[in-house]
Amino acid sequence: MSNGNGLIPSRLHGADVFRTASVGLRTRKLRAALSALGIMIGIAAMVGVLGLSESSKSDLLAQLDRLGTNLLTVQAGAGIGIGSGELPAEAAGMISRIGPVEQTSTISSVNANVYKSDYVPEGQTGGITVQAVDVNLLDTLAGSMADGKFLDEATATYPAAVLGSVAAERLGIREVTGTQQIWLGDQWFTVIGILNEFELNPDLDRAALIGLATAEDYLDHETVPTSILVRVDPDYVDDVTAVLPATANPQNPEEVEVARPSDALEAKEAADDAFTALFLGLGAVALLVGGVGIANVMVISVLERRAEIGLRRALGATKRHVAVQFLGEALLLSAVGGVGGVALGWGVTSIYAGIRGWNTLIPPIAIAGGIAAALVIGAIAGLYPAIRAARLSPTEALRSA
Amino acid sequence: MTSTLTGGSATPEAAADVVLSLSGVTKEYPTIPPVRALRGVDISVTDGELVGVVGPSGSGKSTLLHIMGTLDRPSAGEVAVAGYNINDLSDKDLSALRARHIGFVFQQFHLLSGYTALDNVADGLLYTGRSVTTRRELAEIALRRVGLGHRLSHVATKLSGGERQRVAVARALVGTPSIVLADEPTGNLDSKNSDAIIDLIRQINDEGVTFVVITHNREIAEAFPRTAGLRDGSIEYDTGVRM
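Protein sequences appear in the order of chains F and B. Residue 51 in our numbering sits at position 51 of the first sequence, with consecutive numbering throughout. Residue 595 in our numbering sits at position 194 of the second sequence, with consecutive numbering throughout.
Hints may be right or wrong, so weigh each one.
[What the hints assert, rightly or not] Derived DSSO-like pairs: lysine-lysine, alpha-carbon spacing no greater than 30 Å straight-line:
| no. | chain 1 | residue 1 | chain 2 | residue 2 |
| --- | --- | --- | --- | --- |
| 1 | F | K29 | B | K559 |
| 2 | F | K319 | F | K29 |
| 3 | F | K268 | F | K57 |
| 4 | B | K559 | B | K593 |
| 5 | F | K319 | B | K493 |
| 6 | F | K57 | F | K29 |
Hints listed in this document are in silico derivations from the structure and should not be mistaken for laboratory results.
Turn these sequences into a full structure, and let the hints steer you where they fit.
Next up, the structure:
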């Protein structure tokens with residue numbers, strides 16, 4: 001390893017590069033911590049945002065898995081010349097004859113108001129609707145009861161009502177005692193159950209549900225389906241969607257609207273993605289500011305440590321050794337910030353996910369990317385100070401001390 | 402870049418025992434008006450010598466030390482250290498030359514504050530490519546040699562001024578350089594510690610280490626076997642080795 005002139009070149013081992021690069025961190029701990037903090041916040045923001053979005057997405061997928069993406073709603077559309085939005089009375093029967101249809105459930109809007117008692121003025125409806133429904137509705141919508149029972153074959157023929165979560169709250173009913181009555185369509189109905197929120201059909205949260213037979217017998221309601229919920233074989237969702245309008249209303253298929261409620265959840269997620277991008281941008285800005293902080297600290301460090309630079313040159317360090325030392329220090333600072341940021345982002349994500357009941361999921365790309373971004377920023381931030389340190393003439397460096 | 406003043410090899414025989422030679426060295430700083438810090442300095446130091454260079458402030462002492470130590474290049478003239486003509490060497494080569502052949506002792510000690518005496522001395526070998534174990538072993542030997550065997554693991558900031566300068570001397574010696582250059586080594590010390598450091602330098606010189614000590618203190622310089630006086634950038638007198 002000797003030159004043509006017999007001199008053995010100066011050398012710095014890899015481990016010693018690390019040792020010299022950490023001098024500044026060890027001797028000026030607080031300053032190092034503060035300058036790493038900037039990077040840490042930026043990385044934590046990015047990891048946190050990606051982690052939260054991934055965790056919520058996994059929650060959504062679990063939700064969709066649970067609720068199923070094979071639920072379709074068939075509704076009468078409204079429009080110029082279409083008139084009242086009603087489906088033919090036979091629609092449900094016809095739809096259930098489509099092969100891949102597993103289940104249908106009819107909902108029929110009843111023109112009636114609900115009050116806590118018959119003393120409540122007529123105008124104070126509380127915005128609660130009355131819907132006559134099939135007894136299989138709970139099953140079809142994958143809903144659940146907060147208290148009491150859903151309608152069954154027996155109660156669907158009596159003046160019994162099941163309240164949606166919002167409706168129950170508005171009526172001031174928190175639990176089912178079996179004796180509570182509500183004033184529904186000028187008759188007393190007994191409350192037999194309170195529903196949890198419907199994730200796929202929030203409209204029903206504001207409704208009092210009664211049996212189809214009850215509506216006919218007690219309220220003179222003529223059962224005309226306003227919407228029909230259809231569970232289909234998941235493999236044939238698109239095929240069934242295509243034939244549903246003509247099946248539900250052969251005379252006027254164009255008046256039939258078919259929707260897939262799970263699409264709404266997915267659309268909500270897409271909107272969340274837009275926010276994710278925004279927050280990622282903010283994280284990037286924080287990272288940039290952190291990088292400027294490191295550059296600033298490194299420039300000051302080079303000025304303060306001129307004597308050390310002079311000494312190292314006297315001990316045989318080449319310009320390159322000095323540059324590598326200061327660049328290494330910037331990289332070390334940013335690496336500390338990057339690792340700390342990933343840990344912080346992870347912590348924040350798992351706390352938030354814990355509160356929301358999600359699984360904590362940090363995409364590996366966020367971890368690798370976060371640390372890589374920190375190192376790139378550190379390298380850029382350290383480059384100029386390192387070059388300045390290397391260019392400092394040894395005599396000047398020693399004289400200034 | 403193979404030619405050197407003494408013929409391409411660093412063997413002491415070939416160098417005829419001259420470890421440092423300056424001939425016609427001039428240093429001009431390109432300020433307005435230009436400052437001539439050194440004007441044609443000729444001096445040659447042979448192996449094992451202890452030379453005191455004395456001069457008032459502004460006489461060019463620091464510039465001379467920097468040029469002797471290859472930290473700076475002369476504007477004109479030739480400098481050879483350990484047989485290498487520095488005009489033939491690149492910056493990288495000069496770093497290598499300093500790493501292996503030149504030891505420095507500074508007035509301000511220049512120790513790394515958070516580090517132990519042992520690590521400070523071991524850093525004297527940092528750029529030689531030796532392993533950390535070897536560096537520490539040699540550092541311990543060097544510290545014992547300067548009488549600090551009991552202070553190995555003391556952090557530099559906890560040491561007294563005299564002890565710090567001993568650490569600095571040990572750091573200069575640890576790589577067994579061809580020459581040790583000391584710049585006002587007693588400048589920051591009280592008279593008692595100052596005497597102790599001068600005694601240490603004499604003792605180490607007796608063991609065969611070549612020293613050039615630059616100082617403004619006539620008394621110190623003139624007590625050495627050879628004294629050179631510097632004034633206005635020129636060697637005013639050189640006693641040669643007193644017998």
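Restraint check for F:K319 with F:K29, where alpha carbons must lie at most 30 Å apart | Holds. F:K319 to F:K29 sits at ~26 Å (cutoff 30 Å).
Pairwise hint evaluation, B:K593 against B:K559, where the allowed Cα distance is 30 Å at most = Holds, at about 19 Å.
Does the alpha-carbon distance linking F:K319 and B:K493 stay inside the 30 Å limit?
-> holds, 8 Å
Straight-line alpha-carbon gap F:K268 to F:K57, limit 30 Å = holds, 11 Å
For the pair supplied as a hint, F:K57 and F:K29, is the alpha-carbon distance within the 30 Å limit?
-> violated, 40 Å
Does the structure keep F:K29 and B:K559 at a Cα separation of 30 Å or less?
-> holds, 19 Å
Hint 6 from the list above is the single one not met by this structure.
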